[in-house]
Structures are given as C-alpha cells and as structure tokens.
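S.K.: All chains should be built: construct the whole structure from the sequences, respecting the hints.
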Amino acid sequence: MKYVQEREELSVNELIELIPASPATIRRDIASLSDEGLILRSHGYVHNVEENSPILPLKTRTIIASHEKEQIAKKASELVESGMTVILDSGSTCLAIAVAIKDKEITVVTNSIEICSALVPTDIKVICTGGIMENRHLCFLGRDANMFIEKIEVDIGFIGATGVRANRGFTTSSPLQYDFKRQLIKASRKQYIVFDSSKFYSANLYMFAGYSDKFTGIVTNNSKD
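Residues in the sequence shown are numbered consecutively from 122, following our numbering.
In case anyone wonders, no lab produced these hints; they're calculated from the structure.
Predicted model only: the values in this text are computed from it and were never measured.
A hint or two may mislead.
Claimed, not checked - With beta-carbon atoms standing in for the labels, derived distance ranges:
hint, residue 1, residue 2, range
1, E191, I273, 43 to 51 Å
2, K246, S143, 44 to 52 Å
3, K335, E191, 24 to 32 Å
4, P141, E199, 40 to 48 Å
5, D224, A287, 13 to 21 Å
6, T146, M268, 47 to 55 Å
7, T146, D244, 43 to 51 Å
8, A142, K246, 45 to 53 Å
9, G331, S132, 48 to 56 Å
10, G338, T228, 20 to 28 Å
11, S238, S203, 20 to 28 Å
12, N256, A145, 29 to 37 Å
By construction, the Cβ of each residue, glycine as well, lies at the ideal position given by its N, Cα and C atoms.
M.R.: Take a look at the structure:
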C-alpha cells in the first residue's frame, strides 16, 4: 500500500521489483486490496484511491479498466436478444454490460443501484430485487433479495466473479454474495460467469460455482499477461 500511496500509480512489474515476495503473492494481494476498494487496477497498473470517497472505487474501476470491460460487455451483448429477460449481477463488469445492452428491447432484473441508475435514460424495463443495501458495492443483498430471485425465471443471467480458483471454480468475497449468486444461477435458463482476466490471479473464500456445476459459459477479456 505505501508504495502506491507515495507514487499514486505503479506498474505491477515495478511492484514485483520493489516487494520481496513472489509475483503470484503480489498479484493476489493486489486483487484483495482492489476488492476492498483500497486501490484501483487497470491493465498492468495499480492506482491509489482517496480514502474519503466510498463510491469512487466502483465508478473509477469502470473508467480506468474500460478496455477490458468493453471487451467483456461487447461479447456479452451479442448473447442478448430482443424480448429477453436478463439478470445482471452487481459490480463494474455487469455495469459495463448494462451500458452495452441499453438500446435493446429487454427487461433487466438486478440488485445493483448503479445499473438501475445507468438504465434510467433508456426504454428498458428495470426490476430491482430490493433487500438490504450493501454500501461498499452499492447493491442489495440478504434474505429479501434472495427470496425475490427464487420466485422468478429469466432467459439469461450474467453473474460476476471476484476471483477464480485454479482447476476448481469461481469465487466471491462474502457469504451474502455467495448466496445471491447461487440464486442467480438457479433462476437463469442460460448462465454466464463474467470477470476480467486479472481475476485469474486471485481467489476469494466462497466458491459459488465449480467448473463441473451447471452454467452455460464464461465471458472474459483477452489477457496480454
């Protein structure tokens, strides 16, 4: 953290040279700090974050990693057809997908406050799950959100992963997120796990989907690392 705070921006390669730890350990630590909103990642770089701005991390991650998000969003948008009902998970990747599909004649179900706001100027019918607001990620979680999803079935769902566990599956950082993502998979006829390629370098505690579980596919960007 101190190197990033002092320099404002560092490449991952610079951090590997500065810190006496293995590259894999450094990448895992970067991913963990990013998930906590303490730093920001773009492709190959780490950026400092102002401590007094709790909303900045999600919005800024979307901007500075726009190339990666655009790749994912473009691929995802090609899977969405007019007339569909679509579930979008919370997070910056699903927010980018929401922007990419904003001109389609569809219905969107989401627990994300950011996605609801982004789709206000469009003609898309937006249904919000409700639930307990999670301030850090600007989304609704908990029993009410889960119960809402249990009652519906949609054509396609995009579920965000904050980490990938090698040879096992896809992870998230909290039990509330775990429960909600499991419900999203069950409620969707087609299920796509979405994440940017930096998630290959990190894994969180809660694995919500394994490689052998029921899901249609994954959507990610092309990694140059």
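S.K.: Now look at each hint and say whether the structure bears it out.
M.R.: Going down the list of hints, with the structure as the test:
no.: 1; hint: E191 - I273: 43 to 51 Å; verdict: 29 Å, violated
no.: 2; hint: K246 - S143: 44 to 52 Å; verdict: 49 Å, holds
no.: 3; hint: K335 - E191: 24 to 32 Å; verdict: 29 Å, holds
no.: 4; hint: P141 - E199: 40 to 48 Å; verdict: 45 Å, holds
no.: 5; hint: D224 - A287: 13 to 21 Å; verdict: 38 Å, violated
no.: 6; hint: T146 - M268: 47 to 55 Å; verdict: 40 Å, violated
no.: 7; hint: T146 - D244: 43 to 51 Å; verdict: 48 Å, holds
no.: 8; hint: A142 - K246: 45 to 53 Å; verdict: 49 Å, holds
no.: 9; hint: G331 - S132: 48 to 56 Å; verdict: 34 Å, violated
no.: 10; hint: G338 - T228: 20 to 28 Å; verdict: 22 Å, holds
no.: 11; hint: S238 - S203: 20 to 28 Å; verdict: 23 Å, holds
no.: 12; hint: N256 - A145: 29 to 37 Å; verdict: 32 Å, holds
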